[in-house]
Structures are given as structure tokens and as C-alpha cells.
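Once you have looked at the hints, place chain B on chain U.
There are 2 protein chains.
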Amino acid sequence: MSRRGLRIAVAPDTDGRVAAAARGEGAEVVPLDQAEALAWTVSDPARFPTELPDGVRWVQLPSAGVEAWFAAGTIDAARVWTSAAGAYAAPVAEHALMLLLAGVRRLPESLAADTWRKTELRPRVGTLAGARVAIIGAGGIARALIPSLTALGADAIAVNRSGRPVPGAARTVAADAAEDVWSAADHVVIAAPQTAQTHHLVGGRRLARMKSTAWLVNVARGTLVDTDALLHALDTGGIAGAALDVTDPEPLPDGHPLWTHPRAIVTPHVANPTATLAAALDTRLAENIRRYRDGAALLGVVDAAVGY
Amino acid sequence: MSRRGLRIAVAPDTDGRVAAAARGEGAEVVPLDQAEALAWTVSDPARFPTELPDGVRWVQLPSAGVEAWFAAGTIDAARVWTSAAGAYAAPVAEHALMLLLAGVRRLPESLAADTWRKTELRPRVGTLAGARVAIIGAGGIARALIPSLTALGADAIAVNRSGRPVPGAARTVAADAAEDVWSAADHVVIAAPQTAQTHHLVGGRRLARMKSTAWLVNVARGTLVDTDALLHALDTGGIAGAALDVTDPEPLPDGHPLWTHPRAIVTPHVANPTATLAAALDTRLAENIRRYRDGAALLGVVDAAVGY
Numbered sequence: 001m002s003r004r005g006l007r008i009a010v011a012p013d014t015d016g017r018v019a020a021a022a023r024g025e026g027a028e029v030v031p032l033d034q035a036e037a038l039a040w041t042v043s044d045p046a047r048f049p050t051e052l053p054d055g056v057r058w059v060q061l062p063s064a065g066v067e068a069w070f071a072a073g074t075i076d077a078a079r080v081w082t083s084a085a086g087a088y089a090a091p092v093a094e095h096a097l098m099l100l101l102a103g104v105r106r107l108p109e110s111l112a113a114d115t116w117r118k119t120e121l122r123p124r125v126g127t128l129a130g131a132r133v134a135i136i137g138a139g140g141i142a143r144a145l146i147p148s149l150t151a152l153g154a155d156a157i158a159v160n161r162s163g164r165p166v167p168g169a170a171r172t173v174a175a176d177a178a179e180d181v182w183s184a185a186d187h188v189v190i191a192a193p194q195t196a197q198t199h200h201l202v203g204g205r206r207l208a209r210m211k212s213t214a215w216l217v218n219v220a221r222g223t224l225v226d227t228d229a230l231l232h233a234l235d236t237g238g239i240a241g242a243a244l245d246v247t248d249p250e251p252l253p254d255g256h257p258l259w260t261h262p263r264a265i266v267t268p269h270v271a272n273p274t275a276t277l278a279a280a281l282d283t284r285l286a287e288n289i290r291r292y293r294d295g296a297a298l299l300g301v302v303d304a305a306v307g308y
Numbered sequence: 001m002s003r004r005g006l007r008i009a010v011a012p013d014t015d016g017r018v019a020a021a022a023r024g025e026g027a028e029v030v031p032l033d034q035a036e037a038l039a040w041t042v043s044d045p046a047r048f049p050t051e052l053p054d055g056v057r058w059v060q061l062p063s064a065g066v067e068a069w070f071a072a073g074t075i076d077a078a079r080v081w082t083s084a085a086g087a088y089a090a091p092v093a094e095h096a097l098m099l100l101l102a103g104v105r106r107l108p109e110s111l112a113a114d115t116w117r118k119t120e121l122r123p124r125v126g127t128l129a130g131a132r133v134a135i136i137g138a139g140g141i142a143r144a145l146i147p148s149l150t151a152l153g154a155d156a157i158a159v160n161r162s163g164r165p166v167p168g169a170a171r172t173v174a175a176d177a178a179e180d181v182w183s184a185a186d187h188v189v190i191a192a193p194q195t196a197q198t199h200h201l202v203g204g205r206r207l208a209r210m211k212s213t214a215w216l217v218n219v220a221r222g223t224l225v226d227t228d229a230l231l232h233a234l235d236t237g238g239i240a241g242a243a244l245d246v247t248d249p250e251p252l253p254d255g256h257p258l259w260t261h262p263r264a265i266v267t268p269h270v271a272n273p274t275a276t277l278a279a280a281l282d283t284r285l286a287e288n289i290r291r292y293r294d295g296a297a298l299l300g301v302v303d304a305a306v307g308y
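Line by line, the protein sequences give chains U and B. The first sequence maps to residues 1 to 308 in UniProt numbering. The second sequence maps to residues 1 to 308 in UniProt numbering.
It is possible that some hints are incorrect.
A pair counts as met if it fits within one copy or between any two copies, since identical chains are not told apart.
[To be verified] Within a straight-line C-alpha distance of at most 16 Å, the following computed EDC-like cross-link-like pairs (lysine to aspartate or glutamate) qualify:
| no. | residue 1 | residue 2 |
| --- | --- | --- |
| 1 | Lys-211 | Asp-235 |
| 2 | Lys-118 | Glu-179 |
| 3 | Lys-211 | Glu-179 |
| 4 | Lys-118 | Asp-254 |
Calculated from the structure, these hints are not laboratory results. Here the structure is a predicted model, which means the values were calculated and not measured.
Looking at chain U on its own, in the form it has when it is part of the complex (with noise of 0.2 Å):
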């Protein structure tokens, strides 16, 4: 690398604030053609540059999850590609948190009540405490999750791929021998990345060993868990209720039942709302130069072989 400093593209620069969050890292901001890296805004694949010049050695992409840019043949093996995953984990285990407490506490049907009902709601509102909260999946969402947990007395089990022990967790369990943590665990928040071995992750069988009192959380992706099964253990008092901050199809279309269902919560995918996600790329896109320019492992490097 020349001395002035990582030739880097920002492409589409609408406000000008990721090309200066890039110059404050020592980066040059310069035309795609001339560039070595390029820092895309925009978490629209079809929006991409079909041909990339071949001086392009990097590219960082907005998104965490880039199930979509997979599917669209954008990313290319000629190149690093780097997602944004983890990049939001801190606002996204914070919604985690909000479904899950509203859930365990009732909050829909003291919002759906117009008079006074503490005699039949009061015995039927839960607590965190003491309770054994699964994170299927356990990555930077989990890690950013489990804190808040333990501040409330919850203890986290971590199910990831590796059964690398997660800071925190009471237990780590490797996802391949995590059969049992469906029914030990008191509530269930699904924060996997999608790929096709997590496609379906939450179907009939799995739902069937949660416990009648537990909440299903899914901030991760809406295919991650099979509706039409969810639908039935909702129906059938199988488990608590869900909370959905993404869903499947999504969007969710008009007049699907989980619109009205009295035992689901659903919020439009704004577990990373707008006023947290600029701050989060920046920070992340400047982490990865500083990584670039020292020669050390970039975040987020997507592997085409898993997917994510």
C-alpha cells in the first residue's frame, strides 16, 4: 500500500458521511476506477455495480446478513468481501431485550385492554428473573444480549457452531448436540445468521419440546423459522407466544393471522432502526481500514462456503 493512505470508493455517497468517516481513517475517497477498496451505502444488491475493475481488492457491504447479495451473484471470489455482521449487534439485542420482556410480561394484552384487569392479569405476568433464556446462534447479537440478561438475573445458554464458550453464558452448547436446550430453556431468542443449514431451524419438532410458557424471540431472519408450524403452536397453546421482529414472507402481508394473533408480537424489521445503524457502519467501516492499512483480519469476512 502506497503511503498516502487506502484508495478507497464510496459508492452511492449521498450525504458524505461515510466517505468522511473513511478520510478519518487516512483513506484517499477516490473514483471506483482508480480505487482498492470500495465501501458500499446501500443494502440493495440490485443497486451494485455488475462488473467491478479489477483493482478492487476489497469490498465492504452494509449489511450483516448478505443472504440477498449471495443470491443476486454479487459477491465473487476474486476479492475480500466484508458484511457489517456484528457491526449492529449492540441496537439489535436491545430490541431482543424489548420483545422478550414485553412477552414474558404481557405488555400486548395490557395495551389491548380498555379497563382495568390487574386481578387477571397480575397472576399471569412473568419475570426474567431466574428464568434460562437459549440464544440459538450466539454471536455478536448474544454477546451484546447477554449482559442485560445476567443484569436481570436470567442466565443465557449459547448455542453456536463451534460450542466455544460465550463471556457470559451460563453454558455454551455446540449447535449439533443442542436438541436438549429446546425444552431446559424457559425462552428461545433465534439470532442466527440465515444460510441454508439455519433455514426452518424453528419448525413443529422444536417447537413441540419448548415449554407451554415460553416466548419464541426471532431478530435474526424471518426464514429461520417455518410460520405455518409457529402458526400451530400458537394456535394450540404449544408455547407462550413469538416475537417477530422479522417474519416470513416479509413483509408480512396484509391479513396474515400473525397480525391479529393474541399470543404474537410483531415489529417491521426495526430491531436496527435508522438512528443507530449510520453511527454502527461508520464505526465498523473505520475498524476495517484501520485493519486494512495494519495487515490484521478484517471483521466480517464473508465465506462463500458457509454462506455468511
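Just chain B now, kept in the frame of chain U:
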């Protein structure tokens, strides 16, 4: 005290649970006329004995707030009275966190939707990361709440009578020097006891100082907030919203505007749910029996001069 242990009456003793907790600490459960202490188990002062035998030197009440017991004339100067103040701090703090998160993340709007409103909602969803949360009346609830706020990247501003620093708070301010806190805080949680001094603690003047993006959470007592002034602030956009587990009047009457106000969340005084109440009371009684036996200061001693 005799070697046979504290002679305590438990009334009304509906399920033997409280008596068992007392015996677990070596106390002898006896009829009221032989007792030196009384563990009263229900929160209704109307059922309390009109006169107590002189031999009863200590009464453990089951309520955290004892204003109703003062109003009923139950509490006298002839013996020591202890409330359950602080015993329910953890579940109430958990509810406060849930209400604050649900407000900041606009859950009521998601729950009211029957169509995918991502474009409209995502820019309006907030985060507690980086937020300054004032806790007015920073006692046990604040101590239980602060670790959760900190885990989410928020700072707590504690306001208490003494100004003595509250562990974990970024800043503690004495109540009589706290006027600036109302405008400095991103959100405000009310957790003070109900006394003559705290009646309408939140009125028009302080609501007007609050940020228009702020949520007000009340898990203390309804009368600490001037409901008319609150409705005015909600109607005029003076604050972003109010999340109330307690109301004035309470129960909130049918047809009250708070039931349907789009900026209000009402839960029917369920912050300390049945699931946590009994266990917390048993734990507190056991702790106070130990302290009584050891001649240590009891927890929650009621001070008639301050009213709690």
C-alpha cells in the same frame, strides 16, 4: 428474647407459606395474643386488627408503599413497623425497563399496525444506547434498574433525598437541587414513595422542561403524576410518551383518555406480579427475623415523620 426463638404470629395465614418461612429462621409461630411480632400477609388495611396486644413489639407489613396504612390509622408509635420497601425492587425495576424500552422502540405503534409499516416506523424507533435516564426517587428500584440500563449503554442520573451517590449511577443529584435534571434527561423514571412531598411531583412545569423525545415511566404511585398535566403534555407533543404501571385515579376508570391515547402505555399495577411477590415477601420476613434475633437494624422500618 427467649432461647426458643422469636414468637411470631402470621395472619391471615392462608397457605402456611409465610409461617414456614418464619419457622425456617427458628421462629415459633404462635397466636397473636402470645406473639412479640406479627407478620401480616395481605395488603388490605381494612382487614388489619383494630387493636394489637401490647406484647406485639414489631409488625411486618406486606406492602412496599404504606400510605394506605397511614391513612387507615393502622401505624402507631407504640411499636416498630416495617414495610416491604425494597423487597420488590427487582421485579418492579424489570417492569420499568420493559416499559421504557417498549416506549423508546415504539412497540405500541407496531402492535397497533395491521400492515408492514417499516418505512414509517424505522426512523422513529429509538435506542437506550447513549441515553441519559433520570431515576427520580433513587432507592431500591434504582439500584436494581441501573445495572440493566448500564448494560444497554445508557447512563443513569439518580435523584434522591440525600444526594448520596447511588452505586452505578453516572451522577447522583439531591432532590432539592434536581430541577435541571428534568431538561437534561433523555427519559425519566419515577420510583419515589408516595408522601405529602411527592404528591404531583410530575406536574405541568416539570413536564414542560422534559425533552419532546422523552418517555416518562411511572412504577411508583399514580398520585406522583398530575394526570391532567400529563394528558396535556401528551396531547401537545410536549413529551414523546408515558408508560404507566400506576395511575391517578387508580384503578383507571373505563373511558379514561389514557386507555386509548396513542402516546400512552398503561399496565394495571402489575410491575410486582404474583409470581415474584410471595417469594420476595418470604425472603424479606426471613431477613428481618434474622436481624431481630441478632439485634441488627430491621429493613424497611417505617418512619411516621416522613411517611414511609
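The hints, checked one at a time:
1. Lys-211 / Asp-235: So Lys-211 and Asp-235 pass the 16 Å test inside one copy only (15 Å; across, 42 Å).
2. Lys-118 / Glu-179: neither (38 Å within a copy, 34 Å between copies)
3. Lys-211 / Glu-179: within (14 Å within a copy, 48 Å between copies)
4. Lys-118 / Asp-254: Only across copies: Lys-118 and Asp-254 sit 13 Å apart there, 33 Å inside one copy, limit 16 Å.
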